[in-house]
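There are 6 protein chains.
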Amino acid sequence: MDDELFEKGLQIRKEVVGAEYVERSLAQADDFSRDFQRLVTEYCWGAGWGRDALSRRDRSLLNLAMISILGRNAEFKLHLRGALRNGCTKDEIQDTLIQMAIYAGIPAGVEAFRLAKEVFAEVEADAS
Amino acid sequence: MDDELFEKGLQIRKEVVGAEYVERSLAQADDFSRDFQRLVTEYCWGAGWGRDALSRRDRSLLNLAMISILGRNAEFKLHLRGALRNGCTKDEIQDTLIQMAIYAGIPAGVEAFRLAKEVFAEVEADAS
Amino acid sequence: MDDELFEKGLQIRKEVVGAEYVERSLAQADDFSRDFQRLVTEYCWGAGWGRDALSRRDRSLLNLAMISILGRNAEFKLHLRGALRNGCTKDEIQDTLIQMAIYAGIPAGVEAFRLAKEVFAEVEADAS
Amino acid sequence: MDDELFEKGLQIRKEVVGAEYVERSLAQADDFSRDFQRLVTEYCWGAGWGRDALSRRDRSLLNLAMISILGRNAEFKLHLRGALRNGCTKDEIQDTLIQMAIYAGIPAGVEAFRLAKEVFAEVEADAS
Amino acid sequence: MDDELFEKGLQIRKEVVGAEYVERSLAQADDFSRDFQRLVTEYCWGAGWGRDALSRRDRSLLNLAMISILGRNAEFKLHLRGALRNGCTKDEIQDTLIQMAIYAGIPAGVEAFRLAKEVFAEVEADAS
Amino acid sequence: MDDELFEKGLQIRKEVVGAEYVERSLAQADDFSRDFQRLVTEYCWGAGWGRDALSRRDRSLLNLAMISILGRNAEFKLHLRGALRNGCTKDEIQDTLIQMAIYAGIPAGVEAFRLAKEVFAEVEADAS
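Protein chains in written order, with my numbering: chain X, 1 to 128; chain A, 1001 to 1128; chain W, 2001 to 2128; chain G, 3001 to 3128; chain Y, 4001 to 4128; chain C, 5001 to 5128.
Treat the hints with care, since some could be wrong.
Derived Cβ-Cβ restraints for the label pairs, each shown as a range [said to hold, decoys possible]: (1) X:Arg34 <-> W:Arg2114: 29 to 39 Å; (2) Y:Asp4126 <-> W:Arg2114: 17 to 27 Å; (3) Y:Ala4019 <-> W:Ala2053: 45 to 55 Å; (4) G:Arg3024 <-> C:Val5123: 46 to 56 Å.
Which stretches of chain C does chain G cover? Using the computed rule of at least three CB atoms under 8 Å from a CB of chain G, they are [stated by the list, open to error]: (5) 5060-5074; (6) 5096-5102.
Okay, derived cross-link-like pairs now, SDA-like style, lysine to any residue, Cα gap no bigger than 25 Å in a straight line [stated by the list, open to error]: (7) A:Lys1077 <-> C:Ala5125; (8) Y:Lys4077 <-> X:Glu92; (9) A:Lys1090 <-> X:Glu20; (10) Y:Lys4117 <-> X:Arg38; (11) C:Lys5077 <-> C:Ala5125; (12) X:Lys117 <-> W:Gly2018; (13) C:Lys5077 <-> G:Arg3024; (14) W:Lys2090 <-> Y:Asp4052; (15) G:Lys3117 <-> A:Phe1036; (16) Y:Lys4117 <-> X:Gly18; (17) G:Lys3117 <-> A:Arg1038; (18) Y:Lys4117 <-> C:Lys5117; (19) A:Lys1090 <-> X:Gly50; (20) A:Lys1008 <-> A:Gln1028; (21) W:Lys2117 <-> Y:Ala4053; (22) C:Lys5117 <-> Y:Asp4002; (23) C:Lys5077 <-> G:Phe3032; (24) X:Lys8 <-> A:Glu1092; (25) A:Lys1077 <-> A:Ala1027; (26) X:Lys90 <-> X:Glu20; (27) C:Lys5077 <-> Y:Arg4051; (28) A:Lys1090 <-> C:Lys5077; (29) X:Lys8 <-> C:Asp5031; (30) A:Lys1008 <-> W:Asp2035; (31) C:Lys5090 <-> Y:Asp4052; (32) G:Lys3090 <-> A:Glu1015; (33) C:Lys5090 <-> C:Ile5012; (34) G:Lys3090 <-> A:Leu1026.
Keep in mind the hints are simulated off the structure, nothing from the lab. Glycine included, every Cβ here is placed at the ideal spot set by N, Cα and C.
All chains should be built: construct the whole structure from the sequences, respecting the hints.
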């Protein structure tokens, strides 16, 4: 593998989803999951997020739409926190989820708004 | 229905996917498809695209990612032309499709890059 | 938006998924979710469910099949209660889920039957 | 396998999608596809369509919604012809596709209306 | 239905997902779910798993990939236990999930590795 | 990127989908598609297919099932030719597609068998 790309991906991954979460994921990796953790970090975060033509804010909004459609709720919540870290406003997230609900259907929208409400409540609780 | 929202949607829809295409869609609508054409214009283009918190460039990039995942090729090509009209650069589109391929899988990416190549060739042919 | 269509949608939505649930959804809506709640009520329930050519029983059966395929479990349970309210019999629901399992695959069917069992138990508990 | 269920399924399959199509499918079956053709006939058409609690009209409308979401265009067109054979009116089909577009997203609806237009034109051409 | 195929399917189903689970599923079946349980046993396990050209190990790996993509988490966990019963090694499962993550996207992979970790912990706890 | 992994992936990719196809894909790559072609070769073929715990025959069968579910027909045909190159027998492919049809639904199976028939005819024509 490519250590430079891994380090770049690791840095971005920590900044977006939180250093604590990433360090725990890597520390808990065992023989079964280590290669996958490495792949996620290097390819998804290094080769994908590390590209130049889109901002992190752009990538967060794309991810919220995509992960909603793919129906992966735990990942959606993680990336919603990431979107807030990347400076996306609530208005931008709202418009993204409404656009997604129109293109991917109302039930996907209902689920996304329900999960978003949970995340906002958790973030507020963390902050207080 | 809401005539004001319909007119707003009609205006945006024409600007994004091309007046000629939209006028043909509406003119060809018959008893079977008229209500759906109306719904698309008012709901998708008026109530969705007509919102303020995202730019048209943002919405085009979201749509390319979402419509790829949903696997609707004709719509993808239409919205890729729309993305160019909305000022998205080829670099932004490239980064969007790579991000999408990582999150939704390589075959979705292969298909999107193949369709994009077709659209770029058509657009160049139109321009010459 | 179109107030008349909203009111029509609100009425149907309450009758199908229960007035209490709908009133809570609307009352709990905040700046982030209010527009989406409005959109769901007006478009999904007004412009969709408010059409004439299918009965509510027909629409409930369609929804059970569609929402199963889309994999949205909370919405599935809500609409299964709605199907009972709309007069669908257990035999009709059973045939719908078996048809869905054949066309969308056995795991979708296993999940739908598991969720249906939960809903029937809850409905019986409510009634006793 | 169960010959009685196969024969029942074969009968229904011919009545719904057309005897000519079914006979060609079975006649063209070779060592590679014969078991699958048998499975489709017995399992899908016998054990599924052969059940009593839904009418053929109900099952056709369910299939149009489900097969749209699943994105299988050739099967969609086949089942749209079947829906007409089963007595579904154009108004019922229109309402089904609009309901589907709201629950599964506008691009699925655009594709379904485009395919339906093709089928209606083919059916009219056949009839003239 | 075909009693012989049902008995064959029942035998395989018990061997793969565990006799206790299968007997409970069938014993708990009521008027609503009995036909579906019968269908799953006869078609999925008899007509599908009962075929000769693939081993049970092959079928388990296929199922892990397919059920991940379909997003059915409870079924995924059941079939992961089945894969271990069918002699799949952890290395084979790891390679299958990495292949799946590349073809169906990173979020599907993250979910599958998370669920696998849960199953391995449960299996170890059962064994101790 | 990692040149060694790229070279390993390139080698496998050529052996599985054909050197001519791969060389054409890479030769035709332009500024828009070059990075994606590189990513596919290194990530999908090097980091994925290059792993040790599954055989190429295993990976081909997984891909046929996965790409069918994902609904990417051109990729399915490419990988079906790859499966034959990797030594999968027609019986193994048949069993894989039947298993897939049961788990992901009959329409996915109908499409896969239709595409397979096309590929087998093309392969025979090439050979004669």
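Evaluation of the provided hints:
At roughly 34 Å, the beta-carbon separation of Arg34 of chain X and Arg2114 of chain W lies within the given 29 to 39 Å, and the hint holds. Distance hint for Asp4126 of chain Y and Arg2114 of chain W: a CB-CB separation of about 22 Å, consistent with the stated range 17 to 27 Å. Taking 45 to 55 Å as the suggested C-beta distance range, the pair Ala4019 of chain Y and Ala2053 of chain W conforms, at roughly 50 Å. Taken as a hint, the range 46 to 56 Å is violated for the pair Arg3024 of chain G and Val5123 of chain C, whose Cβ atoms sit roughly 23 Å apart.
Here the region 5060-5074 of chain C counts 1 residues with a CB under 8 Å from a CB of chain G, which misses the bar of 3, and the coverage is violated. Evaluation of the coverage hint for the region 5096-5102 of chain C: fulfilled, as 3 residues show C-beta separations to chain G shorter than 8 Å, against a requirement of three. As the CA atoms of Lys1077 of chain A and Ala5125 of chain C are separated by approximately 33 Å, the hinted pair breaks the 25 Å bound. Between Lys4077 of chain Y and Glu92 of chain X the alpha-carbon distance is near 36 Å, which puts this suggested pair outside the 25 Å criterion.
For the hint pairing Lys1090 of chain A with Glu20 of chain X, the CA-to-CA distance comes to about 36 Å; that exceeds 25 Å, so the pair is violated. Proposed proximity of Lys4117 of chain Y and Arg38 of chain X is supported: the alpha carbons are some 17 Å apart, at most 25 Å. Distance hint between Lys5077 of chain C and Ala5125 of chain C is fulfilled; the C-alpha atoms sit about 15 Å from each other, no more than 25 Å. Distance check on the hinted pair: Lys117 of chain X and Gly2018 of chain W sit about 22 Å apart at the alpha-carbon level, within 25 Å; holds.
A distance of roughly 23 Å separates the Cα atoms of Lys5077 of chain C and Arg3024 of chain G; the hinted pair therefore holds under the 25 Å criterion. In summary, the hint linking Lys2090 of chain W to Asp4052 of chain Y is not supported, as the alpha carbons are separated by about 38 Å, beyond the 25 Å threshold. With a C-alpha separation of about 13 Å, the suggested pair Lys3117 of chain G and Phe1036 of chain A falls inside the 25 Å cut-off, and the hint holds. Restraint check: the Cα-Cα separation between Lys4117 of chain Y and Gly18 of chain X comes to about 22 Å, which is no more than 25 Å; the hinted pair holds.
In summary, the hint linking Lys3117 of chain G to Arg1038 of chain A is supported, as the alpha carbons are separated by about 17 Å, within the 25 Å threshold. This hinted pair does not check out: Lys4117 of chain Y and Lys5117 of chain C have alpha carbons roughly 40 Å apart, beyond 25 Å. With a C-alpha separation of about 17 Å, the suggested pair Lys1090 of chain A and Gly50 of chain X falls inside the 25 Å cut-off, and the hint holds. For the suggested pair Lys1008 of chain A and Gln1028 of chain A, the alpha carbons sit about 21 Å apart, so the restraint of at most 25 Å is met.
For the hint pairing Lys2117 of chain W with Ala4053 of chain Y, the CA-to-CA distance comes to about 36 Å; that exceeds 25 Å, so the pair is violated. About 30 Å separates the Cα atoms of Lys5117 of chain C and Asp4002 of chain Y, which puts this hinted pair outside 25 Å; it is violated. Restraint check for Lys5077 of chain C and Phe3032 of chain G: the C-alpha separation of about 16 Å stays at or below 25 Å, so the hint holds. Only pairs whose Cα atoms come within 25 Å are accepted, and Lys8 of chain X paired with Glu1092 of chain A is accepted, the gap being roughly 20 Å.
Distance hint between Lys1077 of chain A and Ala1027 of chain A is fulfilled; the C-alpha atoms sit about 21 Å from each other, no more than 25 Å. Simply put, Lys90 of chain X and Glu20 of chain X have alpha-carbon atoms about 24 Å apart, close enough for the 25 Å limit, and the pair holds. Simply put, Lys5077 of chain C and Arg4051 of chain Y have alpha-carbon atoms about 24 Å apart, close enough for the 25 Å limit, and the pair holds. The straight-line distance between the Cα atoms of Lys1090 of chain A and Lys5077 of chain C is roughly 29 Å, outside the 25 Å bound, and the hint therefore fails.
About 23 Å separates the Cα atoms of Lys8 of chain X and Asp5031 of chain C, which keeps this hinted pair within 25 Å; it holds. Distance restraint check for Lys1008 of chain A and Asp2035 of chain W: the Cα-Cα separation of roughly 17 Å lies within the 25 Å cut-off, and the hinted pair is therefore satisfied. Restraint check: the Cα-Cα separation between Lys5090 of chain C and Asp4052 of chain Y comes to about 12 Å, which is no more than 25 Å; the hinted pair holds. Pair hint Lys3090 of chain G plus Glu1015 of chain A does not hold up; C-alpha atoms about 32 Å apart against a cutoff of 25 Å.
Our distance criterion of 25 Å between C-alpha atoms is met by Lys5090 of chain C and Ile5012 of chain C, whose separation comes to about 22 Å. At roughly 19 Å between alpha-carbon atoms, Lys3090 of chain G and Leu1026 of chain A fall within 25 Å of each other, so this suggested pair holds.
Consistency with the previously given hints fails for numbers 4, 5, 7, 8, 9, 14, 18, 21, 22, 28, 32, ordered from lowest to highest.
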